[in-house]
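Chemist: Chains as they are written, first to last, in our numbering: chain L, 1 to 249; chain D, 1 to 132.
Simulated from the structure, these hints should not be mistaken for lab results.
Here the structure is a predicted model, which is why all the values come from computation and not from measurement.
Incorrect hints may have been included.
Calculated pairs, EDC-like style, for lysine to aspartate or glutamate (alpha carbon to alpha carbon, straight line, at most 16 Å) [to be verified]:
#, chain 1, residue 1, chain 2, residue 2
1, D, Lys-114, D, Glu-95
2, D, Lys-21, L, Glu-153
3, D, Lys-123, D, Glu-36
4, L, Lys-225, L, Glu-126
5, D, Lys-22, L, Glu-150
6, D, Lys-6, D, Asp-54
7, D, Lys-22, L, Glu-159
8, D, Lys-88, D, Asp-54
9, L, Lys-225, D, Glu-36
10, D, Lys-21, D, Asp-50
11, D, Lys-122, D, Asp-50
12, D, Lys-22, L, Glu-149
13, D, Lys-46, D, Asp-91
14, D, Lys-21, L, Asp-156
15, D, Lys-46, D, Glu-24
16, D, Lys-79, D, Asp-54
17, D, Lys-6, D, Glu-83
18, D, Lys-22, D, Glu-83
19, L, Lys-205, L, Glu-183
20, D, Lys-21, D, Glu-74
21, D, Lys-46, D, Asp-9
22, D, Lys-21, L, Glu-126
23, D, Lys-6, D, Asp-91
24, D, Lys-22, L, Asp-146
Now the in silico label distances, taken between C-beta atoms and shown as ranges [stated by the list, open to error]:
#, chain 1, residue 1, chain 2, residue 2, range
25, L, Asp-156, D, Ile-103, 41 to 51 Å
26, D, Asp-5, L, Thr-62, 41 to 51 Å
27, L, Val-49, D, Thr-90, 28 to 38 Å
28, D, Asn-49, L, Arg-198, 44 to 54 Å
A partial selection of chain D residues facing chain L, derived with a Cβ cut-off under 7 Å [claimed, not checked]:
#, residue
29, Phe-11
30, Lys-46
31, Val-107
Glycine included, C-beta positions come from ideal geometry on N, C-alpha and C.
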Amino acid sequence: MVRTMPILLMDNDQPSSHSDPRRQLQMARSMCWHCQSEVTGEYFCERCVKVQPVSKETDYFTCLGFPRRLTLDVQKLEARFYELSRTFHPDFYQRKSTAEQTISLSNAAVLNTAYRTLRDPIQRAEYLLALETGSVKNIRTSPPADLFEEILELQDTLEEYRASDHGSDQGHRLRTTLLTEQEALERRKEELESQLRRLFADWDKLQDAGETTSSARAERDKILKQMRDLLSHRTYVNNIVSDLAATIA
Amino acid sequence: MAYSDKVVDHFNNPRNMGSFKKGEEGVGTGMVGAPECGDVMKLQIKVQNDTIVDAKFKTFGCGSAIASSSLATEWLKGKTIDEAQKIKNTDIVQELNLPPVKIHCSVLAEDAIKAALADYQKKADEQPADTK
């Protein structure tokens with residue numbers, strides 16, 4: 001306690017960029033809950049070898065030891081996940097203290113969520129957006145009006161098809177229309193996803209360059225906004241595609 | 001969490017579902033969506049002498065979104081433009097007993113009302129210019 005507090009206060013006194021609250025929180029937790037010594041190891045106290053809780057402030061990328069990039073090696077991610085799962089698995093803590101059992105359980109839970117989120121490229125991007133913009137809702141998207149019209153019209157056709165006699169001529173005709181629409185929408189979804197992948201690469205490149213100029217910041221905001229638009233666009237298309245697939249299957 | 005009786009009622013017997021004919025006079029259309037869940041809502045009002053005489057909706061989404069927009073159209077009928085502006089999403093939440101995870105559905109309905117009113121206003125403002 002005594003050892004870490006002064007550092008925090010000094011940070012607060014300095015009006016420099018060091019007073020990032022997230023840094024302070026990480027420093028504050030870098031003290032072993034058990035022996036109060038400073039934790040230098042990643043997940044265990046080096047002195048008393050007790051497991052340490054993954055901080056709530058730790059983002060999923062950090063948790064799994066990956067940089068905040070959108071293109072990542074899923075195999076490496078999986079390997080890292082298994083490794084950490086073994087480290088935190090509650091089974092290995094059955095004979096330890098209650099505190100250690102609780103920590104291992106909550107660490108395992110965080111780890112599972114982190115892995116599930118980062119494994120899927122779309123969820124990964126949604127998560128990164130939330131991290132980078134505070135809340136996803138901070139970026140307002142302009143609703144694609146023509147897409148909405150199309151979706152609502154398609155819903156009408158779907159409704160008509162559901163109500164129709166599937167063996168009748170009308171049923172067949174509606175089914176053919178829906179199948180054509182489904183193919184077109186699948187293609188649209190793929191196109192949106194490939195646009196997203198290009199944006200992912202742009203984001204990674206920008207992060208790798210690590211520039212803090214105002215033009216780099218503007219570029220960053222532009223990428224995030226475009227990503228938000230594409231992701232929501234994709235959600236709408238994805239929803240109607242699954243609805244189509246479920247109805248005409 | 002189960003849907004409240006009111007949500008189920010609106011879902012099973014949606015009020016004012018459908019849309020007005022294209023080009024019908026005095027109609028304002030609001031089209032909104034929730035990017036998080038992919039719900040799409042279309043809400044239309046028909047205005048005569050500053051009063052909403054009819055309202056219709058079409059919603060593609062979950063039960064709460066359908067109920068929120070169905071309720072919104074019921075409330076809109078008979079209200080003046082100014083009164084309609086005052087409908088808040090919290091009123092919808094209260095009436096339908098929406099759980100916290102479904103509050104965004106009521107927000108969507110409020111956005112749809114606002115968008116429909118704005119669209120009507122825009123069209124009404126353009127009208128005199130056309131007739132001049």
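Chemist: Give me the numbers of the hints this structure contradicts, sorted from smallest to largest.
Modeler: 1, 3, 6, 7, 8, 10, 13, 17, 18, 19, 20, 21, 22, 25, 27, 29, 30, 31
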